[in-house]
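Engineer: Position chain B against the provided structure of chain A, taking the given hints into account.
The primary structure of each chain is shown beneath.
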Amino acid sequence: MPISIFTLFLILPLASFIFQLSIGKRIGRNSHWVSLSFIFVTLCIALGNLFSEISHHSDGHTSNLVFNWIDLGTFKIEHGFQLDSLSAIMLVVVSLVSFLVHLYSTEYMKGDPRYTRYFGFLGLFTFSMNGIVLADNLIMMYVFWELVGLSSYLLIGFWFEKDSAANASKKAFLTNRVGDIGMFLGIMTIYFFTASLGSATLSFDGITALFQSSFSSFTPADITIVTIAGVLIFCGAIGKSAQFPLNIWLPDAMEGPTPVSALIHAATMVAAGVYMTVRIFPFLTPQALEVVAVVGAVTAFGAAIIAITQKDIKKVLAYSTVSQLGYMVMALGVGAYQAGFFHLTTHAMFKACLFLCSGSVIHAMHHALHHLNDHKTDPQDMSNMGGMRNKMPITYASMLIATLAIAGVPLFSGFLSKDMILAGTLAYYHAHHGWTIILPIAGFGAAVITAFYMFRLIYLTFHGEPARKDVYDQIHESPLPMAFPLMLLAGLSLAFSFTFNLNPMDSHGWFTHLISEGINVVGLNMSQVIDGIHHAHHDAMIISLTVAGIGIGLATIFYLYKLVNVEKLAGILNFFGLYNLSYNKFYIDEIYDAILYRPFMWFCNLFSWIDWDLYDQKFIDFWGWFTLKISDGAGYSDYNWLDQKLVDGFGKITNKFGQGLKVTQSGIIQNYLLGGVIGFVTIFIIFKAF
Amino acid sequence: MDNLSTYLIISAILFSLGIYGVMTRRNAVAILMGIELILNSANLNFVAFNRFSGMEKLEGQVFSIFVIVLAAAEAAIALAIIINLYKNLNTVDVDEADSLKG
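Residue numbers (the working numbering), protein chains in the order written: chain A, 1 to 690; chain B, 1 to 102.
Isolated chain B (complex conformation):
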């Protein structure tokens, strides 16, 4: 069980769940959670590749820490956008926010 494909399969499942969440949820907060899943699936890949491709240094781990930091910043900005969305539309349903409709 302790091999690369296990980790990649888990990562792929996580990624698919994330995409699914992002595409089906109408609640903006839920979409944000889906994005977090996508990011974490990438983190898992980084760490797994670092471990199984026999690297001495810990680049994968360092990268995943960067991604986590980035995800935190992203979450802060995304929540700020959501609050503003709510203020303007009185809802966090993203289907309502269709002012770019052609």
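Next comes chain A alone, as it looks inside the complex:
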């Protein structure tokens, strides 16, 4: 594929953005055809690129396009695009989900007053995301990283009339900022470290090659620096991929339109953190990877627990996203590079599907409630739903397939990728023992809980008796532009989309062939890790099948057949505070409120008091008063002495002389002439005399 075609991945979405913001509004609703066609062309190019990548199928087949960005003598920053197997797959994921979300939004956002602006923002997001995917160095990735942050901010706060949406967008932006500062510090650390090694570089390939050649001569201090740099850059991923402890923004981000949640906060942008970690994987030291693994494990398990008790359908999915992102991060941490990226891809498909399905449900609920003139009931609350499978068969079927995928049931894509991750954690435990037992426990525990809460969602929404008969009667299946993306994504959540094998347990397909096992140049022995994963694979598969079965079974008992009184159980658990702990999201927001927000505000108030009450009121105002006094004195002396005496004195003297001299002005011209003659004669005599 010629190098210049890369730029189309950036130009087309950007053109869509510019078009929608400049002339889209004048065209109105039909302007979505422009965005749709632009993104469709992007998708076609991405697909063509992926197929050519599969047919070439040679490791390390990359095309680069590099140009100088900043060139100041010894300080030089290059920008570049890199097209390899990773970016080829990622481009398809981004363009596909983006296209489907565009299509879906034509129905979902119908009648919105800022309809064209919405499509413009989607274009901006797709542009930025493709930029991240194609970036071949850290600094360029950082630039696009901030751009996706901006588009995410704009889209979360799209309905900014709602305070909650405006606050959520601010929260997302600020929380990401924390991670991004870490990332930028990491980039600088890497830059100066590579400069100290003799060739300053920020490109992924450059750093990998440099470390590969010089790793043998690293001192322990050097390794510490690389570890710190890696962890700092990973901070960016913690922010963007909503890992613990910066996971708080993602659930709030659900205030945005649901298709946006599907595109940005489920399938692509939040995966950017994982993608970035994949890119920097070759130079993450084992120590740094340990941090990555623990962060991922805590996030995967903690978010899964929170998801159990949420009532809002989108909040459940949001926490499930956080949890699945934790899985991916944990996979990278334990060295299961392929598994992490595989899960990113499969997750993008089934999670986008889940979100779009929930959007379809919310859309139907919203219209039904609107029809009944009921504006108090929350259309997203699952306790108002129930039995909707009869009314929305397409949505139900798609959502069920995606749920089976996320729960890790064979024949569905999630099984393959999750199984690989769990094998990775198990292998990591086998290799290291000790505390690392928490990784497989968190992984398998989260798998049970995931299966449980996802089926809870399905049962509460689509099964059982309708909670509101009047609403239920008004529910209709969504129109084709909304239903088609659901079906397509559900199809892509099936395992055979990724493997062409008849054996449902075997994950060897085009994907694993295309994505080679990762390399690591700073001390991690990848072949050992791969061997370990291979050995653990069998055990992991059996355990993961068991736990998925347990999860689904429990959900079926609790919510489909209602053999156990859930309320009572919650009450019993709450005896230990467990239910509230989960329902209130481990009080993380409250903890931040107590340890960050309140002390911060206290300091702000203190400084405000010092500034206003002390400095302004006392010090500054004293000088004002003092100046006023001096001015009074100066004014008095100026007027009474200078003006009245000196200046007026000169006036009076001049006046007096004028009065005296005026008699000489007789007005008779002959007198003047006489004066002239006398003067002339006098001068003549004087000249004669001397």
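These aren't lab readings, by the way, just hints derived from the structure by calculation.
A portion of the hints provided could be inaccurate.
To be verified - With a straight-line Cα cutoff of 30 Å, these simulated DSSO-like cross-link-like pairs (lysine-lysine) come out:
#	chain 1	residue 1	chain 2	residue 2
1	A	LYS25	A	LYS162
2	A	LYS652	B	LYS87
3	B	LYS87	A	LYS656
4	A	LYS662	B	LYS101
5	A	LYS469	A	LYS391
6	A	LYS311	A	LYS162
7	A	LYS652	A	LYS376
8	A	LYS162	A	LYS110
9	A	LYS469	A	LYS376
10	B	LYS87	A	LYS662
11	A	LYS311	A	LYS170
12	A	LYS645	A	LYS656
Stated by the list, open to error - Partial list, derived from the structure: chain A residues whose beta carbon lies under 7 Å from chain B:
#	residue
13	ILE668
14	LEU673
15	LEU674
Beta carbons are placed, not taken as given, at the ideal position from N, Cα and C, and that holds for glycine.
Structural biologist: For chain B alone, kept in the frame of chain A given last:
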């Protein structure tokens, strides 16, 4: 008698008479006549200097013709001023025209 000082003395007498007339007369027309005398004394000087300083060309004469032309123009303007003075003050006595008195 035909030398420069004779002409200069005559010219000086003419000039003094002119100044005297201008300074003592109250009638505006008489003042104008005094000015004519002054101008003509200058003309006499021009012609005399031209003759006795041995110039080939007749610059002095030409200058005096200029002065005569100028005197004619001056007389026309001065008489117009005098008529206006008369119209406003009903007199040509210059002592009456003292509105510039301080």
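Engineer: Looking back at the hints listed earlier, which ones does the structure fail to meet?
Structural biologist: 2, 3 and 7
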